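Model the placement of chain U on the given structure of chain P, informed by the hints.
For the record, the sequence lines run as chains P and U. Count the first sequence with the numbering used here and you get residues 3 to 343, in order. Count the second sequence with the numbering used here and you get residues 793 to 1115, in order.
Since the hints were made in silico from the structure, they are not lab data. Here the structure is a predicted model, which means the values were calculated and not measured. Glycine included, C-beta positions come from ideal geometry on N, C-alpha and C. Take these hints with a grain of salt, some might be off.
The calculated DSS-like cross-link candidates involving lysine-lysine, where the alpha carbons are at most 27 Å apart (straight line), are [stated by the list, open to error]: (1) U:K901 to P:K320; (2) U:K901 to U:K958; (3) U:K1112 to P:K320; (4) P:K320 to P:K140.
To spell it out: a stretch of chain U is covered by chain P in this simulated footprint if at least three of its residues, at any positions, have a beta carbon under 8 Å from a beta carbon of chain P; those stretches are [to be verified]: (5) 1007-1016; (6) 1039-1053.
Simulated DEER-style distance windows between Cβ atoms [said to hold, decoys possible]: (7) P:D324 to U:P1003: 48 to 58 Å; (8) P:D67 to U:H944: 53 to 63 Å; (9) U:T1002 to P:E343: 48 to 58 Å; (10) U:G964 to P:M131: 55 to 65 Å; (11) U:R922 to P:E220: 53 to 63 Å; (12) U:H944 to P:M131: 53 to 63 Å; (13) U:G964 to P:S111: 30 to 40 Å; (14) U:E916 to P:G307: 49 to 59 Å; (15) U:F986 to P:M131: 52 to 62 Å; (16) P:D324 to U:L917: 23 to 33 Å; (17) P:D327 to U:S827: 51 to 61 Å; (18) P:E229 to U:F986: 50 to 60 Å; (19) P:G278 to U:L917: 49 to 59 Å.
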Amino acid sequence: MKRVIQTLAAVAATGAVVAVSVVAIGLYNVSAREGHMWGVTWLMHTTFKQSVKLRAPGPDEVPDDLGSPDRVKLGALHFKNACAFCHALPGQPQGAAAQAMEPTPPHVSSITGWTPGEMFWIVNEGVKMTGMPHWPAKDRDDEVWSVVAYLNALPDGAGQVALAGEGRGRASCAQCHGEGGESGNSHIPRLDLLTPGQIAEALRQYRSGQRQSGIMQEAAMALSDNEIATLAQTFGSSKGPRRQSEPAPEATTPGALLAQRGTGDVPACTVCHGPGRQADAPIAPLLTGQSRDYLTGQLRLWRNGNRGGGERARLMRKAAQDLSDADMSALADYFAGLPAE
Amino acid sequence: MRLMLICLSFLALSACEGRQSVLSPAGRDAQDVLSLIWVMFGGAVLLWLLLAAIFVYVTRVEPREMPRRWGEMLIVGGGVIFPVILLGALLTYSLPMMKPQREADPGLKVHITAEQWWWRVDYELPDGSRVTSANELRLPTGRRTGLVLNAHKVIHAFWVPALGGKVDMIPGRETYLSFFPEEPGVYRGQCAEFCGASHALMAFETVVMTPEDFAEWLTAEAEAATAPASGEAVRGAQVFTREGCGACHSVRGTPAVGQVGPDLTHVGSRKSIGAGILNGSEEDFAQFIAHTESLKPEVAMPSYNHIAPEDLRALVAYLKGLT
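Chain U on its own, in the form it takes in the complex:
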């Protein structure tokens, strides 16, 4: 019975695999964090074994009174000298790890502002211009990218376990972090500081790409929105305008200039919508637009459940076409 429970508990370890785990790092910083974890874990196990051995020795093997001199050596050595050496060694090993994670990089910088409950993402190019996106972070491999973190109304925390982190995002005070991704792939990030009703529903995908793919993507992301292609998408664009979506959302190249909600210029190419809570299929888009307040309690966007089904379909066609 006990053996079965132990075996079952190993099933929980399967959660450590995958795209939101410190145990499967995809970048240099997460690798450093993981090495630190293993060193500390290994050290803790050794220390525990050593203590257990001493206990066994003094209670079972040699349970007589110890000479006074030995006892004093054990207290001073084990209580003062040994911990100082051990902690000193750990600090020497770990402190230099923090520096690169704060390293200011002359190249790409990404400004990330936490909103309730989504992420404003602004790529600052070397020439100072900005490319605005939202709810998805794209990073190139093989180089360090700086992340400038801010928050709008309340404290949040930025964490992509597979790449490094985490750092608090504080209104009115900029914090900084940088990532050195190495393994292309899609990794999940999550707000890691309670920030209100929909805190648990505030996630995002981080897409790590090769430098060539990334450069290509960034060029495309900087473009204005593509004009709607199909007849249904054209009708959807009219619904978008009629319902006033552009008062809160921006679609570059159209009259939609709002700043309250996420930029939608290339929303159709994102891997998720609703800040990482839905996958971004047509059905997901329709659900999110019509039932926003149920899917994300207390969010600023009202549920557009008064839109006729055919109008909603057209609207989704337009948004999915914004690639």
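With the rest of the complex left out, here is chain P:
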């Protein structure tokens, strides 16, 4: 018995000496140049892969439109902005700094062998001790899936989208939203339908995190107040806030009826968002002409309580709380089907 206690005490003492040497004295070499000891890389990589497999969402949670070209394009544009520094772009070499990381981030073309659900988990959650960040915004699964859409489309060539334009400011806004802000991508809102005031407010909310979006927060984080004002003027509607003199066209579809008259649970959208709204100084953006995908996505964020915004955001959150999936679809059809003003 005495022998056992002595042995245990000796082991504990040795452990304490090792711990003090590593943590307090600094004997362990954290150099990335040196790399890991033999076997550690395998140990950590296997742990990582199994952890992802255990936690990744199943195939039933993958959006139906994962292959849509607009979604792939949005994912590609954000990948270029935020991810390419480490993972490079297809056909381009990784930068020297990225290659010197430990572990070295995989080149975008070599990201294979993952299901869409596993890629979603990695992009959304990030990976500890690798330098891979988590998605900066909360509750924006829709955006993460767009990046997955891009990665998923790469091997079969559908992901080889043209990625032109450089730098921040106008050039990078126009990359996604179009030169005149008219977008052209169903997942990206048209800016030419918004007033400069609305654009500026949105950019400030993205910058402060009041509005959550991994894509737009990345784009807006570095903007100064002056740059925001200039961008808002450049892309915003030149028509300014105004009263709509024309009444809304007569309602015939379910979406039009819901939008123009509302129900006992849902307010009438058109009173604030047009067409046919009477307000002189509107508090809400016009929706006619925005794309169906964008409108459905935003309505879902509002309905689920995940859409940030200014002081009146709570009004819209309450307005949308009783919408069904079918309602949102009908409303998006209605507004997307009307010509922009």
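Chain U alone, transformed into the frame defined by chain P:
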């Protein structure tokens, strides 16, 4: 000391007076209910006295063993025959009272739908057309008016103690009640079935009017909204439009067509706002608009506390002008 407590307890009876009490009826149905209450109460007192007398007799006056025959007569008579006669008489007296309270009337019908936590009120005229109002019920004296009761999301109960009632309001199942008011005046109604966070804050005023006054009022109520008169009210109408109030509220004759909240076409002439919780002064309107969610927890309407004070004043001027 005991005498003082008894005297003090009489103070509580003062609550029985007034506009929300079964003890001061203002209509035929409530009168019937009150008669029933008094008959039952009087009968109960008599019965209690009789029992007490028997107890005193068998324990103090004549505490000897009773002849067997007497005892059996007491059990059969007092336990079977007497209750059958008494309850039979009570049923014969009270059952016919229920019929008129459910009587379908060929004249005016009012559809009342309970929302969380307010009342949709629709007057159905003999020609089938409807006049929409909210949170206030107006009834003529001297005739029966039918009340068609519905509920939107959860169970509520409709009760105006001074006029009759009460009846459950059940989503997806129409219930029916009718009132025969006799005494003009203002009586308070209250939701009488727990229906959520603001159940206690779900009341309404019932205004009983002479038939002539009522006809005049109904004609006015059927009209579209009056245009804002003062400059401030005109500005208030702009605030109403800008803040999107019309997406949830209707003001007939304007682009406001919403159906989520109470109809506001004649809100300025109502005796209360917030479904019977505030009196309807300018100050009450402003408080309710700016602090809706504190005054009525979990209500669908958001607090409009971001509106500038002068805009809020203008908005109230517009709403008060909707008479």
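query = For which of the previously enumerated hints does the structure constitute a violation, in increasing order of number?
reply = 1, 5, 7, 8, 13, 14, 19
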